[in-house]
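**Q** All residue numbers for the sequence shown refer to our numbering, where the first residue is -13 and numbers rise by one.
No wet-lab data here; the hints were simulated from the structure.
Model, not experiment: these values are computed from the prediction.
There may be inaccurate statements among the hints.
[What the hints assert, rightly or not] Below, a list of computed lysine-lysine pairs in the DSSO-like style, where the Cα atoms sit at most 30 Å apart:
#, residue 1, residue 2
1, K74, K90
2, K156, K90
3, K253, K188
4, K4, K74
5, K253, K238
6, K209, K188
7, K209, K247
8, K84, K61
9, K84, K209
10, K216, K188
11, K253, K208
12, K216, K156
13, K156, K238
14, K84, K30
15, K216, K251
16, K36, K4
17, K90, K61
18, K90, K36
19, K4, K61
20, K156, K188
21, K156, K209
22, K61, K36
23, K30, K90
24, K36, K74
25, K4, K30
26, K208, K251
27, K61, K30
28, K209, K253
29, K238, K188
30, K251, K238
31, K208, K247
32, K90, K4
33, K84, K36
34, K74, K30
35, K238, K209
36, K216, K247
37, K84, K74
38, K188, K74
39, K208, K156
40, K216, K253
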Amino acid sequence: MLKDIRIESFGIQLYESKHHAGDRIEEHHHQVYQLLYALEGTGKIILDGKEYLLEQDHLTFITPLTPHAIISDHKLTVLVLAFDRRIKDGTNTELFEKSLYESKFIGLNPFNSSEIRQLLRTMLYEQAHDSLHQETALRTYLSQLLLLIARGGKNNEKVDANTLRAERLKDYIDSHYFDWIHAEDLASRLGISTRHMNTIFKETYYMTPIQYLTEVRVGLAKKMLAETDKDIASICFEVGFESLSTFYRAFKNITEISPHKYRTKQKHIDKRS
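Model the full assembly from the supplied sequences, consistent with the hints where possible.
**A** Dropping the structure here:
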């Protein structure tokens, strides 16, 4: 059954969908894209014939004409972000061709759920306040949201729970290495103790998350020292170290030489080659 959704003239609309315990929205489809974000409650979503548990922070991406149904176990509140095919134009084309070409139940990712919530809050604010740049702002935030979904949309159905946690943690570090990251913050995002987090990460990657973070930062610093003329202080800042002394100590622990000596050595190698 086809159901119409009213969206703004520029093709984006956010609205709240409330469901009482036992409510059932029978299978239907739309001519637009939808992102369903569960704000509270529990239920089930049947997406293209497959049933998934729907809980707080779970996200579902639905392409046009995909049949879906929703069953609420308890009071269920869903934020719906609807948009039409125009968002595929321009910079978003590659996202839809490579990652967002089909509907998918994304579930909960503790590392990007906070970013998704913030983007949705920002979009709600922009939608509620008319301005000269409202359309541009909403399109920009939607593009950021779609990028998060595309990057986090790996198929993890057959992966062990601890391995999945370790992979998500590694992915988070790879894309947030420049942030101020503490072990306690990482563990709290996973909802486990720091000790347990270190254990499951070491089982997969043979080091702790903070050791991996340091290796990522130093690896990027080595690349910048060899390939650019950026000042060492700028490189230290860009890769996420809070002080030059911490950067020098971490760099020397891994490479056994200072950043300056490493750069000099690489330049001599380049000249010989």
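**Q** Take the hints in turn and mark each one as holding or not.
**A** Cross-check of the supplied hints:
no. : hint          : verdict
1   : K74 <-> K90   : 17 Å, holds
2   : K156 <-> K90  : 22 Å, holds
3   : K253 <-> K188 : 35 Å, violated
4   : K4 <-> K74    : 29 Å, holds
5   : K253 <-> K238 : 18 Å, holds
6   : K209 <-> K188 : 26 Å, holds
7   : K209 <-> K247 : 14 Å, holds
8   : K84 <-> K61   : 36 Å, violated
9   : K84 <-> K209  : 28 Å, holds
10  : K216 <-> K188 : 34 Å, violated
11  : K253 <-> K208 : 12 Å, holds
12  : K216 <-> K156 : 27 Å, holds
13  : K156 <-> K238 : 23 Å, holds
14  : K84 <-> K30   : 27 Å, holds
15  : K216 <-> K251 : 16 Å, holds
16  : K36 <-> K4    : 22 Å, holds
17  : K90 <-> K61   : 23 Å, holds
18  : K90 <-> K36   : 10 Å, holds
19  : K4 <-> K61    : 8 Å, holds
20  : K156 <-> K188 : 11 Å, holds
21  : K156 <-> K209 : 20 Å, holds
22  : K61 <-> K36   : 22 Å, holds
23  : K30 <-> K90   : 14 Å, holds
24  : K36 <-> K74   : 26 Å, holds
25  : K4 <-> K30    : 14 Å, holds
26  : K208 <-> K251 : 11 Å, holds
27  : K61 <-> K30   : 12 Å, holds
28  : K209 <-> K253 : 12 Å, holds
29  : K238 <-> K188 : 23 Å, holds
30  : K251 <-> K238 : 14 Å, holds
31  : K208 <-> K247 : 11 Å, holds
32  : K90 <-> K4    : 22 Å, holds
33  : K84 <-> K36   : 22 Å, holds
34  : K74 <-> K30   : 28 Å, holds
35  : K238 <-> K209 : 15 Å, holds
36  : K216 <-> K247 : 15 Å, holds
37  : K84 <-> K74   : 12 Å, holds
38  : K188 <-> K74  : 40 Å, violated
39  : K208 <-> K156 : 20 Å, holds
40  : K216 <-> K253 : 14 Å, holds
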